[in-house]
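J.: Single-letter residue listing:
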Amino acid sequence: MTVTTAVLKSEWTKVRSVRSTVWTLASAFAVTVGLSAALCAVMNANFDQLSSRDQATFDATSISFAGMFLGQLAIIVFGVLVVGSEYSTGMIRTSLAAVPQRGTFLFCKMGVATVLALVTAMATSFSSFFCGQALLGSHRTTIGAPEVLRAVFGAGLYMTMLAIFAMGVAAMLRSPILALGVLMPFFFLVSTILANVPGAKEVARYFPDQAGSRVTRVVPSTAPYGPWEGFGIMGLWVVAALVGGYLVIRNRDA
Amino acid sequence: MIELEHLTKRYGEKLAVDGLTFTVRPGVVTGFLGPNGSGKSTTMRMMLGLDKPSSGEVRIDGKRYIDLKEPLRYIGGLLEARGVHPGRSAHNHLLCLAQSNEISPSRVNEVLDIVGLTSVAHKRSKGFSLGMGQRLGIAGALLGDPQVLLFDEPVNGLDPEGIHWIRNLIRDLADQGRTVFVSSHLMSEMALTADHLIVIGQGRLLADTTMADFITHNAHSFVRIRTPQPERLIAVLSAEGIGWDRGDEGSFEVSDVPAEQLGELAARHRLVLHELSPQRASLEEAFMRMTATSVEYHAHTPSENNGTASAGAPGAPPGAEPGSGPGSSGWGAHRKRGEGR
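Top line first, the protein sequences correspond to chains V and B. Counting from 1, position 11 in the first sequence corresponds to residue 11 in full-length UniProt numbering; the numbering is continuous, with no gaps. Counting from 1, position 37 in the second sequence corresponds to residue 37 in full-length UniProt numbering; the numbering is continuous, with no gaps.
It is worth saying that the hints were derived from the structure and are not from the lab. What you are looking at is a predicted structure, and each value in this text was computed from that prediction instead of being measured. Be a bit skeptical, because a hint or two may be false.
As a list, the in silico DSSO-like pairs of lysine-lysine whose alpha-carbon atoms are at most 27 Å apart [claimed, not checked]:
id, chain 1, residue 1, chain 2, residue 2
1, B, K52, B, K63
2, V, K9, B, K123
3, V, K9, B, K126
4, B, K14, B, K52
5, B, K69, B, K52
6, V, K9, B, K69
Please construct the entire structure, taking both the sequences and the accompanying hints into account.
T.: Here it is, written out as structure tokens:
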């Protein structure tokens with residue numbers, strides 16, 4: 001127990017003493033809130049030109065998180081760098097010599113980073129929601145409307161889970177370059193493209209981001225799972241990444 | 001105290017460390033010598049619990065590394081590759097290490113002072129020179145005031161002032177009764193700092209001896225002869241059954257026969273000599289000879305003496321093999337580079 005407290009303290013010093021922490025988290029916030037606000041303003045101005053079908057399924061809540069598709073990349077970079085920089089800098093050898101209990105080391109590191117990611121993500125999702133609603137004019141919704149609070153809260157949890165997933169992948173691949181090389185194209189391109197290809201769609205909706213982002217929507221989608229089931233699917237991906245990362249750090253030479 | 005027992009590390013087919021058994025004792029500087037790629041760094045990483053041995057084990061004061069509570073208080077290591085995040089300041093780097101082992105934060109400033117980095121403590125280590133990086137690594141090793149210290153190639157890339165500083169530090173640590181284990185691929189460096197010597201080649205233990213004994217048994221000596229009458233010299237030496245090697249610039253090198261005897265021999269045959277000088281091969285050469293032998297054994301080549309630095313002339317008899325008992329009469333007993341530390 002005392003070991004864990006000491007390691008948590010140490011990992012907190014580590015994460016707060018590098019600039020990348022501030023940069024990545026601030027970018028995640030600014031990009032998501034800024035882009036979402038811009039998209040809400042555009043949507044408000046052009047709402048009348050939408051087809052009546054689009055108007056009927058318009059989700060005022062999820063449009064206010066629209067910037068997250070880009071902002072999530074910054075939180076992924078945060079997750080990757082927290083774990084991956086240990087490997088790229090050689091710090092991992094110093095760290096493991098100080099804390100040879102590798103599981104304790106890895107999970108304390110991830111725990112500290114997760115708390116930071118959660119705080120940032122919640123601030124991002126609530127700011128994004130309120131900014132977006134302010135710009136949506138007459139099409140806005142309120143935090144008190146059914147399912148809306150769940151979606152706003154869910155958006156924060158979704159971003160946090162992405163950060164944890166990124167940490168797990170970085171621990172598995174032991175290299176930030178490699179981890180970013182896998183995660184960036186996957187979340188920015190592959191997943192989005194496949195989700196819009198008729199045949200691949202059935203598979204793509206079980207990808208972590210597609211399944212997880214269901215919780216950020218109020219208007220039901222065609223997906224065969226509800227908001228929290230979708231989030232649960234994402235949770236399985238995250239657990240898999242954590243188990244993989246743990247097995248790698250436990251078994252590989254530093 | 002560090003104890004290694006049949007420590008072995010295998011990478012696929014290749015044995016990087018092959019059944020090493022030795023003990024590193026407190027109060028002396030133990031040098032760990034071997035050519036590049038001989039398994040030194042792998043051994044040291046296993047000592048710090050970073051690499052898992054394929055078999056065998058390491059014990060630090062009788063305990064496995066993983067069982068050390070707050071390991072930085074027992075053992076401090078400086079590894080060859082810099083293990084520091086370049087974006088973090090020296091102070092924060094040491095602080096996070098201190099916190100992980102519940103070492104008082106005030107100790108951070110102490111070790112920064114010891115290694116002379118106080119003025120740059122809050123600068124990111126990105127801008128540090130090689131020497132400053134090395135000092136930061138040493139500060140990390142000293143942080144927990146451990147009784148056991150490992151330094152992997154500590155003088156690599158340092159300027160003379162830095163080298164001098166590290167040598168003195170290492171000596172002081174041993175004089176305080178700590179266990180100090182220092183690796184190097186340079187014999188000359190070891191000769192200046194180490195009291196005890198462990199030599200490995202191809203991952204295997206070649207010698208575990210005091211420095212003085214190593215020098216006694218391995219500092220090869222010979223006599224250099226130069227003459228304007230080389231053909232006659234060859235004839236005389238051959239007639240006496242004395243073996244020789246070709247040295248630099250047409251000189252001859254004779255092992256096993258003292259200079260006095262060679263001088264008298266030349267005088268008897270009225271040979272003109274331009275030089276007759278006893279030479280002591282460097283410890284470096286002795287070390288190369290020893291490790292070259294391990295390479296030969298490994299490659300199963302016949303026991304031709306092609307490992308020495310001076311190319312032997314065809315037909316020249318092999319010099320004494322290192323460690324062979326009878327040959328030791330010809331090996332210098334004086335410590336050539338050991339003074340002045």
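J.: Mind listing which of the numbered hints don't hold for this structure, in increasing order?
T.: Hint check: nothing fails, all pass.
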